Amino acid sequence: MSEPAISVHNLTKRFGDFLAVNNVSFQVGKGEIFGFLGANGAGKSTTIRMLCGLLSSTSGTATVAGYEINQQPEKVKENIGYMSQKFSLYDDLTVRENIRFFGGVYGLRGKELKDRMEWAVEMAGLQGRENSLTVELAGGWKQRLALGCAILHNPKIVFLDEPTGGVDPVSRRNFWELINQLSEQGTTVFVTTHYLDEAEYANRIMLIQAGEIIAGGSPKELKETHIKNPILEVECDQVVSAMEILQQQDWVIETTIFGTYLHTSVTNEDEGRKKIQKVLAENNISIKRMDRIVPSLEDVFIYLIDQGSPAAKEESR
Amino acid sequence: MFKRIKPIIKKEIRQISRDRRTLGVLIFQPVFLLVMFGYALNFDVRHIAIAVYDQDKTKVSRDFVNSFLHSEYFDLKYYLKGEKEISELLDERKVWVVMVIPKDFSRKLLSGQEAKIQILIDGSNASQATTVAAYTSGLVQSYSIKILSEMFMRKRGMTLSLPVDFRPRVWYNPELKSVKFLIPGLMAFILTISAVISTSLSVVREKERGTMEQIMVSPVKPIELIIGKTIPYVFISLATAYMILLISYLLFDFEVKGSQFLLFFVILLYLFIALGAGLFISTVSNTQQVAFQLSTIFTMLPTFLLSGFVFPIRNMPFAIQLVTMIVPARYFLVALRSIILKGMGIGAFWHQVIFMIVFGISINALSWVRMRNKRL
Numbered sequence: 643m644s645e646p647a648i649s650v651h652n653l654t655k656r657f658g659d660f661l662a663v664n665n666v667s668f669q670v671g672k673g674e675i676f677g678f679l680g681a682n683g684a685g686k687s688t689t690i691r692m693l694c695g696l697l698s699s700t701s702g703t704a705t706v707a708g709y710e711i712n713q714q715p716e717k718v719k720e721n722i723g724y725m726s727q728k729f730s731l732y733d734d735l736t737v738r739e740n741i742r743f744f745g746g747v748y749g750l751r752g753k754e755l756k757d758r759m760e761w762a763v764e765m766a767g768l769q770g771r772e773n774s775l776t777v778e779l780a781g782g783w784k785q786r787l788a789l790g791c792a793i794l795h796n797p798k799i800v801f802l803d804e805p806t807g808g809v810d811p812v813s814r815r816n817f818w819e820l821i822n823q824l825s826e827q828g829t830t831v832f833v834t835t836h837y838l839d840e841a842e843y844a845n846r847i848m849l850i851q852a853g854e855i856i857a858g859g860s861p862k863e864l865k866e867t868h869i870k871n872p873i874l875e876v877e878c879d880q881v882v883s884a885m886e887i888l889q890q891q892d893w894v895i896e897t898t899i900f901g902t903y904l905h906t907s908v909t910n911e912d913e914g915r916k917k918i919q920k921v922l923a924e925n926n927i928s929i930k931r932m933d934r935i936v937p938s939l940e941d942v943f944i945y946l947i948d949q950g951s952p953a954a955k956e957e958s959r
Numbered sequence: 003m004f005k006r007i008k009p010i011i012k013k014e015i016r017q018i019s020r021d022r023r024t025l026g027v028l029i030f031q032p033v034f035l036l037v038m039f040g041y042a043l044n045f046d047v048r049h050i051a052i053a054v055y056d057q058d059k060t061k062v063s064r065d066f067v068n069s070f071l072h073s074e075y076f077d078l079k080y081y082l083k084g085e086k087e088i089s090e091l092l093d094e095r096k097v098w099v100v101m102v103i104p105k106d107f108s109r110k111l112l113s114g115q116e117a118k119i120q121i122l123i124d125g126s127n128a129s130q131a132t133t134v135a136a137y138t139s140g141l142v143q144s145y146s147i148k149i150l151s152e153m154f155m156r157k158r159g160m161t162l163s164l165p166v167d168f169r170p171r172v173w174y175n176p177e178l179k180s181v182k183f184l185i186p187g188l189m190a191f192i193l194t195i196s197a198v199i200s201t202s203l204s205v206v207r208e209k210e211r212g213t214m215e216q217i218m219v220s221p222v223k224p225i226e227l228i229i230g231k232t233i234p235y236v237f238i239s240l241a242t243a244y245m246i247l248l249i250s251y252l253l254f255d256f257e258v259k260g261s262q263f264l265l266f267f268v269i270l271l272y273l274f275i276a277l278g279a280g281l282f283i284s285t286v287s288n289t290q291q292v293a294f295q296l297s298t299i300f301t302m303l304p305t306f307l308l309s310g311f312v313f314p315i316r317n318m319p320f321a322i323q324l325v326t327m328i329v330p331a332r333y334f335l336v337a338l339r340s341i342i343l344k345g346m347g348i349g350a351f352w353h354q355v356i357f358m359i360v361f362g363i364s365i366n367a368l369s370w371v372r373m374r375n376k377r378l
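Taken in order, these protein sequences are the chains called A and B.
Residue 643 is where the first sequence starts when you use the working numbering, and the numbers rise one by one after that.
Residue 3 is where the second sequence starts when you use the working numbering, and the numbers rise one by one after that.
Simulated from the structure, these hints should not be mistaken for lab results.
All of these numbers come straight from a predicted model, not from anything done at the bench.
Errors might be hidden in some of the hints.
With a straight-line Cα cutoff of 20 Å, these simulated EDC-like cross-link-like pairs (lysine to aspartate or glutamate) come out [what the hints assert, rightly or not]: (1) B:Lys12 to A:Asp733; (2) B:Lys5 to A:Glu772; (3) A:Lys717 to B:Glu226; (4) B:Lys8 to A:Asp734; (5) A:Lys728 to B:Glu116; (6) B:Lys8 to A:Glu754; (7) A:Lys930 to A:Asp879; (8) B:Lys5 to A:Glu720; (9) A:Lys930 to A:Glu877; (10) B:Lys8 to A:Glu720; (11) A:Lys870 to A:Glu826; (12) B:Lys344 to B:Asp255; (13) B:Lys12 to A:Glu772; (14) A:Lys672 to A:Glu720; (15) B:Lys59 to B:Asp106; (16) B:Lys61 to B:Glu116; (17) A:Lys798 to A:Glu826.
Looking at chain B on its own, in the form it has when it is part of the complex (with noise of 0.2 Å):
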């Protein structure tokens, strides 16, 4: 069997490598989407625009201030002279936050009242307004607190210890970097990408060019010829997998916790889902672009939105979640992320080996099938 396996796999191997285009598109595609997901695509809420009026305009309220600037959170824009102002400042979007100090904030905070302040959001992004105000809140808390153990430090000479005293502490990625949590999911996208399309493009253009026919007619197998079609691209597969590792390594400082054995196993589990729903899409397709319009709306379109890479999936509505059970890139998601970032064993996700091996099983068995059957 194997010596009809060797000439396909040696002239698939010669016709990728003298498509030029193709192979450089497959070799700097990850470093692409990997710098431009790395940069641009960050959920981290920075340097974010604030307006100050302080109407108190005393050491107190200066200082109050500076609290909120001396994290890298806020960036003083404008400091506000007249309430005019803030409508015009924030209907223009110059900044994002704007903060009111009332005349009395020094007189009461120091007389032991309750001092007001006003915090403006610009709520029209909703998840970035969600995270402004929280942490708007911690910083006024924090402050509080720290007001309220120096007047306990003056009036009674002992610190004061906090009923509940809350210091939250990361698992897995303790800066809150977006980029740790988004390039399992960007491996996950890529190899969809690439494998499968690219399968499907490789069969489908034997069956335009009628080379197909002229390999239908010969003794080779379906199976042979699947075979034979597959291997280069697992390779080529394999080493895009790696040098995303490799660029997200030596750009963002990025680090598998886990066994790389494991990571392996789970990699060309993915890929041998990935190339059998890449070989059913060319059973299905006559012409390339056909082929590449189904998948891209049958395998790349789901990894981006179904797989929890960009999106959770405990967000979804029910009947979406439902959606995302047949989506196998959720499943390698998983594993990854617990490979990679939690360094987990396959205790943790075996349930999500169990349901690819079956998808894996199912897709290649489906194009197998309909291959003998169609005789092309």
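Just chain A, with the same shape it has in the complex (with noise of 0.2 Å):
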């Protein structure tokens, strides 16, 4: 295996009594698409702007395209691009020149500045608005221009910062569609989000909880090492007192209400169908369908949060 993108070993921040991160190793392989997930204020930002530069770290190692973090922090800075929740343009410059003037800062020049340029305009998808003022753009193509200014330097690595906040469904879906371009030209990209959905476009997770990480690997292991029970979606009628019945069986692990459904986390897949139709007949409520479903991040999610919560460790003392 080539040496990793980016490499992390024990690496923590302290705020005063606050320990944002604390003691945090992992790795990144080149090319990879590598989702940080975690709730606001778990730890994401702090580590990423420990990762580019943007603030030291109170102990531990990380190296980033080979480069150490605290030691050659101008050589780290070369080889990435950074782009936060805020799409940090200049508003009161216009497509060209916000473009023109983060190319020059990576010393872009001539020629070449000239086709970053016209790439990234491209990428936007901003062709004929490079004379618009950047602040009368909608929020969607701020965040593909803001991603195409931090990219003009053709970075070996990048870090999004929340890429995707405040932008509607369609433009998120897009934005992902270049992630995914992106690493397979090669570059490796590090992101960061709070959409579980999203999560499902990574090649590789880490979550992050209150400073420690929790889990960590591809969405599919995640799932299959953390549900191991089958999940059976039931449609039917009365739906809460559905849940409150097999909330009182004992063969039922867990049941939850998503949206209109029950999903039920069963032992065995045909007794616990077997037995979810016997119990709801019983109390006359019918059946419309019952599925079982491939879990999503969000059930992992949920299921871990509850497992490393303080509450749920002091239960399994």
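Now that you have both chains on their own, put them together as the hints suggest.
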């Protein structure tokens, strides 16, 4: 295996008494889309800011693109692109002027700058609007322009800190297509998000909670490791009373309402089906449909957060 | 290094030229302040309303009153008939000064006795009252000398020569116009506002927008960012400074007596301090509002109150005088007045220049260190 793009060892950041990131270690391979998941305040941004050289670490080491973040921050900066949830562009400059400025700051000149400018305008879908002020652009365009400006210099690694915040679903999907393209071209993408559906696009995911990593792996691995029991989706009348009845059964591991359906996890699929049909029929609740479903990352996440919560830890002791 | 500074300068100039409102403020503020201060903040006391209660009513007393009115200091507003009116006029602030000439004024004067007059002055504005009292006593004395020399002439047939002849000549500002005294101070004041506030706001605005973070993840070094962001403001502030001089020349016939080169050097030196102060403020504030308030409290007000711009430092209590030692505008002002009003060379104010250099280097080094360590 070739040298990883990002390698983090026991990285810790402390703000006064508050431990924002606690002894975190992980590796990201070249060309990977690496999803960094967690609730607000879990330590996602702090980690990304340390890796980009915006924040110094309290202890631990990390190498990004082969350079140590505290020893050679300048080298790190030359090899990364960074885009935050703020889409940091100059509102009072035009599309072209923004690109020219960020290109200039990364040392692009002449023909190279011109080529990259054309590329960025095309990528953001802003042909013909090169002379519009950025303030006039809608969220999705602003987001893609910000990404374009962040990767004008063809960095090896791109850090995206909640890049899809405040953007409509269509733009979010388009944006993920761009991220996939980047990854196909060999760029490593390190992305934080709290949209769990987006995390499915990532090759590998790391879950962080209260500054600590609680799980990691590909979406498939996470589902397989943490959700071992089959989940049955039940469509029926009187969902709430059905849930209450099922919760009282000792063979039901867990049951929750998902929209207008029930998600019930049982130890064995066939046995579970029969038992659910029986117990609901006894209570005069008719079942319209019952299917085994693939667990979503949301199921995994809720399960893991429950496991990782202080109350759950207390119980397991 | 310059290759990364150039795009920053270009960007900054574009932003400034696009922000019409701020640009307008930067350009018209000096004109506005200059006109305001030049015409409104006038310490000269002229055309003082005076009332005369002439009980003597002779040619001699009228002659005496006229000697007052010939000067442009006093305007006769009321000619009183009774004593009652005196307090009324002063109470209602219709006049500043009341002159009472007693019945025996001309008789005593002509017989060589000591004639007395009474001058009543409204003392509610102490500094104006002092000035008025000084004018009055001057006019009364020159009238006395005139009478004395006339008598001498009549009796002895020769002119009187005074033991001490007092003929004041005011240097540097011969017409004693306060506007000439104010312009250098005004220049320091306006440069402080435009340089400190505009730099601190422009840096903090980038912090607010998140663009600062975007620049900090690029290979741009803090020093490159500082240079790139301040150079445009150096030029704007220099333009402001020379515009003040031009308007002062057009409106008040104000001319620079000393070396233009020295003047340029001193202005540049002060801008170095002011921009450094603006940067320092931007490292300690996270919103434009905070930056504006800090700039006002720590640079604008001291420049107005403690630099000697309006209020002379030597009249301040000792403790306050000590505080003025750390107000850079104080030193700038001494240098400016020396060059502009007195036409002096660097020999007259070299210690001020040294202080300014030390202050400028310290404040810039301090803000650079803060920018570096914080990584913003």
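Right, here's what the structure says about each hint:
{"no.": "1", "hint": "B:Lys12 to A:Asp733", "result": "16 Å, holds"}
{"no.": "2", "hint": "B:Lys5 to A:Glu772", "result": "24 Å, violated"}
{"no.": "3", "hint": "A:Lys717 to B:Glu226", "result": "17 Å, holds"}
{"no.": "4", "hint": "B:Lys8 to A:Asp734", "result": "19 Å, holds"}
{"no.": "5", "hint": "A:Lys728 to B:Glu116", "result": "87 Å, violated"}
{"no.": "6", "hint": "B:Lys8 to A:Glu754", "result": "17 Å, holds"}
{"no.": "7", "hint": "A:Lys930 to A:Asp879", "result": "8 Å, holds"}
{"no.": "8", "hint": "B:Lys5 to A:Glu720", "result": "15 Å, holds"}
{"no.": "9", "hint": "A:Lys930 to A:Glu877", "result": "6 Å, holds"}
{"no.": "10", "hint": "B:Lys8 to A:Glu720", "result": "18 Å, holds"}
{"no.": "11", "hint": "A:Lys870 to A:Glu826", "result": "32 Å, violated"}
{"no.": "12", "hint": "B:Lys344 to B:Asp255", "result": "16 Å, holds"}
{"no.": "13", "hint": "B:Lys12 to A:Glu772", "result": "18 Å, holds"}
{"no.": "14", "hint": "A:Lys672 to A:Glu720", "result": "17 Å, holds"}
{"no.": "15", "hint": "B:Lys59 to B:Asp106", "result": "10 Å, holds"}
{"no.": "16", "hint": "B:Lys61 to B:Glu116", "result": "18 Å, holds"}
{"no.": "17", "hint": "A:Lys798 to A:Glu826", "result": "12 Å, holds"}
Of the numbered hints given earlier, the model fails hints 2, 5 and 11; all others are met.
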